[in-house]
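Enquirer: Chains as they are written, first to last, in the numbering used here: chain F, 16 to 245; chain Y, 16 to 245; chain X, 16 to 245; chain P, 16 to 245.
Everything labelled a hint here was simulated from the structure, so no lab data went into it. It cannot be assumed that every hint is accurate.
[Claimed, not checked] From the structure, some residues in chain Y lie toward chain F, with a derived Cβ separation under 10 Å:
# : residue
1 : M125
2 : P129
3 : Q133
Just so it is clear, the structure is predicted and the values come from calculations on it, not from any experiment. Glycine residues also receive a C-beta, built at the ideal position from the N, C-alpha and C atoms.
There are 4 protein chains.
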Amino acid sequence: MAAFKDPAPADSRFDRLRAANREAWDAYVAHAFVRQLGAGTLPEPAFKFYLIQDYLFLVQFARAYALAAYKSDTLDDMRQAARSMRIIVDDEMSLHVKFCAGWGLGLEDMLRVPEAPQCMAYTRFVLEAGHAGDILDLQAALAPCVVGYAEIANRLMADPATRLDGNPYRAWIEAYAGSDYQGVAAAAVAQLDRLYARRAGQGRDAALARLFGAATRLEADFWQMGLDAA
Amino acid sequence: MAAFKDPAPADSRFDRLRAANREAWDAYVAHAFVRQLGAGTLPEPAFKFYLIQDYLFLVQFARAYALAAYKSDTLDDMRQAARSMRIIVDDEMSLHVKFCAGWGLGLEDMLRVPEAPQCMAYTRFVLEAGHAGDILDLQAALAPCVVGYAEIANRLMADPATRLDGNPYRAWIEAYAGSDYQGVAAAAVAQLDRLYARRAGQGRDAALARLFGAATRLEADFWQMGLDAA
Amino acid sequence: MAAFKDPAPADSRFDRLRAANREAWDAYVAHAFVRQLGAGTLPEPAFKFYLIQDYLFLVQFARAYALAAYKSDTLDDMRQAARSMRIIVDDEMSLHVKFCAGWGLGLEDMLRVPEAPQCMAYTRFVLEAGHAGDILDLQAALAPCVVGYAEIANRLMADPATRLDGNPYRAWIEAYAGSDYQGVAAAAVAQLDRLYARRAGQGRDAALARLFGAATRLEADFWQMGLDAA
Amino acid sequence: MAAFKDPAPADSRFDRLRAANREAWDAYVAHAFVRQLGAGTLPEPAFKFYLIQDYLFLVQFARAYALAAYKSDTLDDMRQAARSMRIIVDDEMSLHVKFCAGWGLGLEDMLRVPEAPQCMAYTRFVLEAGHAGDILDLQAALAPCVVGYAEIANRLMADPATRLDGNPYRAWIEAYAGSDYQGVAAAAVAQLDRLYARRAGQGRDAALARLFGAATRLEADFWQMGLDAA
């Protein structure tokens with residue numbers, strides 16, 4: 016069993032936003048959905064409903080990265096956002112479709128299911144926060160998802176309650192614990208620090224923490240949506 | 016008892032959008048929350064929770080009218096949106112605060128309560144649809160609220176199950192059934208027709224109907240949120 | 016002759032942005048158009064062309080305040096922006112029309128003239144900066160106009176080269192030197208300080224100065240457009 | 016000498032927008048800058064200034080495609096916009112830098128030159144039109160550039176006054192006349208038809224024509240900016 020690796024270094028901006036929302040954060044990263052997923056006891060209908068919504072979520076996430084590319088104030092950030100968007104629409108969505116096929120879910124099934132309110136709430140909140148504010152607001156609202164999934168996977172890998180052998184959700188856990196995804200999360204953590212240095216100051220900390228907290232709570236609702244579907 | 020007055024004439028664009036979403040529309044305008052409100056049997060905590068969220072909703076609604084003013088393509092539409100926004104931030108919000116005070120809810124109470132996911136889902140969906148599309152998309156997403164409340168009040172006024180005498184929610188019903196609000200709704204219906212004529216064609220009908228339907232379902236969730244709080 | 020009253024206190028954020036763009040600022044506030052306007056020697060066609068474009072400019076400016084209302088992060092800022100927008104579309108535009116009528120320009124004349132590239136450049140730059148960034152970026156891009164006109168009028172009032180008696184442009188100078196407009200400018204200066212404190216830090220100063228500088232140069236181009244029309 | 020190949024089929028939406036702005040269109044595609052470029056007589060400083068501004072233009076253009084990806088209403092359109100953006104930021108900008116190096120212009124030279132007002136006017140007009148309207152407005156504002164360059168190159172290839180041998184600008188002409196770029200233009204023409212069918216109707220034609228016309232005039236100003244720099 017691995018020791019827990021925190022994707023966000025202490026004193027990173029991400030770490031401070033997380034610390035300012037400790038209770039909401041714990042409710043998200045240690046949600047019953049996550050714990051059952053690690054233990055392999057999550058009811059299959061819960062996971063399937065989550066998977067379908069996660070596909071619809073990816074579409075909105077790609078739009079969020081398009082918006083991030085537009086709102087970037089350096090060419091490097093624009094390129095990083097463009098790459099993230101391309102990876103989502105060209106690679107991740109096909110992978111997701113294949114993964115779902117392994118669970119007996121065809122693309123038509125996924126597109127027939129309406130977007131759940133919890134998916135709409137989180138994605139539209141993030142996108143709208145991006146329009147209302149600047150690139151830092153947008154990335155702060157995206158961070159609970161991007162970095163949170165890396166933390167969740169690392170927590171599961173380090174948790175004695177996790178069972179990998181025979182766990183039907185093992186591929187999910189290992190994908191997010193894998194170095195590819197951990198690299199994505201690390202890049203997001205570093206970018207948040209750069210954006211904060213370039214655009215913010217102490218007077219903005221409370222507002223950023225509120226934004227991060229709201230996004231975190233909407234992420235926890237997303238897990239709950241999965242559980243409720245079972 | 017009055018005969019039901021439909022705020023939207025047959026063959027208005029609004030009427031067609033509503034017809035294309037008949038099931039979702041009925042679930043919204045005849046929601047249990049609405050029926051209990053008309054009968055005077057709605058539990059007070061349900062109404063109070065609704066009232067508080069409706070205040071937070073108004074803030075987002077004012078932002079939606081600001082966005083509508085920005086996205087208007089005629090000076091007349093810009094002025095109409097500016098006036099709507101001004102009425103919300105200067106008049107309606109104070110009225111709401113007074114109304115809430117009558118229910119024992121102070122402004123501090125309202126600002127202490129976090130925005131419910133159902134409030135976030137609906138308002139951010141509308142605002143984001145406005146950014147993603149044009150002024151017609153924005154107004155089509157706002158219409159289930161603006162016009163729907165007028166229809167709901169008129170339905171209650173025409174419903175034999177409605178009890179006005181001694182109904183603690185009588186002021187709410189009469190406000191939305193009153194000529195001031197009915198005029199607001201009629202203006203929104205007429206504007207939707209004008210915007211459609213200026214900006215759309217038949218090829219867009221399905222997408223507008225989907226947008227209207229999604230907003231309608233999120234409005235029904237808002238009523239349900241109230242019921243669930245009781 | 017009055018002593019020059021600076022609408023922006025030393026060490027206000029506005030004062031620092033101005034100091035960081037001293038050369039561009041002086042080229043704007045002491046532009047030949049302005050000096051000739053103060054001396055009463057500006058050719059009438061130059062002023063008339065400016066007036067017409069300034070009407071088309073006001074339409075875009077109203078849109079900028081609509082966007083500012085949307086992007087505001089407090090109810091107070093939202094109300095201030097809504098009020099500014101309402102004043103522009105309900106009062107200033109009618110005043111402008113009346114003023115132009117005194118110069119023999121009918122509303123139809125104004126709406127027949129196409130928006131000049133210099134008007135498009137400045138207004139679309141401001142609006143787009145507002146979308147790309149946050150409310151502080153938007154207000155920093157608006158400030159050279161809002162506060163600059165107050166400074167220009169005060170400079171003219173304090174300038175021995177200014178001739179008020181018999182100056183055909185006297186009403187223009189006195190309107191912007193008047194306490195109403197000076198109050199608008201002072202409010203904009205104070206708001207910029209508040210927004211900076213709430214949203215920015217030192218790391219953002221260079222980018223804000225670049226934005227302010229670009230807007231200032233586009234304002235100088237607007238004066239030049241007037242001169243070139245003579 | 017090749018016969019002129021029109022990148023837009025008769026009765027395409029693009030063809031109608033062009034026909035509605037015939038005078039402005041001709042002033043753009045047959046601008047003196049273009050004719051001198053074809054004849055090889057364009058002063059080198061004019062071309063160099065154009066090249067530098069065109070690099071700064073590409074940055075804004077990449078942002079426009081990011082916005083288009085965000086505003087797309089199908090996954091296919093989103094992917095097409097994402098690909099366009101990626102091509103600009105990853106390939107075209109490096110090609111441009113190499114091309115400029117051949118003219119003795121280093122990347123530092125290009126980044127030291129401030130964005131010309133004509134570049135700002137056109138790019139910010141397009142971006143802002145995209146925010147104010149929908150994806151069709153954005154693509155209609157981009158079309159004079161994307162499709163116009165293909166038409167200009169084809170016109171030059173078919174023009175007896177064009178001299179390719181020994182023409183220092185031959186590479187420029189051949190790049191835009193080449194099948195790669197012609198394919199990009201054809202895709203833009205086809206997409207405009209699809210977007211119109213999905214989102215518009217006859218009532219919108221006049222507004223789209225005005226938008227297209229304004230963008231066309233700003234493109235002509237961009238050529239003039241080059242000539243004026245010589």
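Enquirer: So, as I understand it, the hint says Y/P129 touches chain F; can you test that by seeing if any CB pair is closer than 10 Å?
Expert: 8 Å, holds
Enquirer: May I ask you to test the interface hint for Y/Q133 with respect to chain F, counting a Cβ-Cβ separation under 10 Å as satisfied?
Expert: 7 Å, holds
Enquirer: Should the interface hint for Y/M125 be scored as holding, given a Cβ-Cβ cut-off of 10 Å against chain F?
Expert: 17 Å, violated
The structure is inconsistent with hint 1 alone, although it conforms to all the rest.
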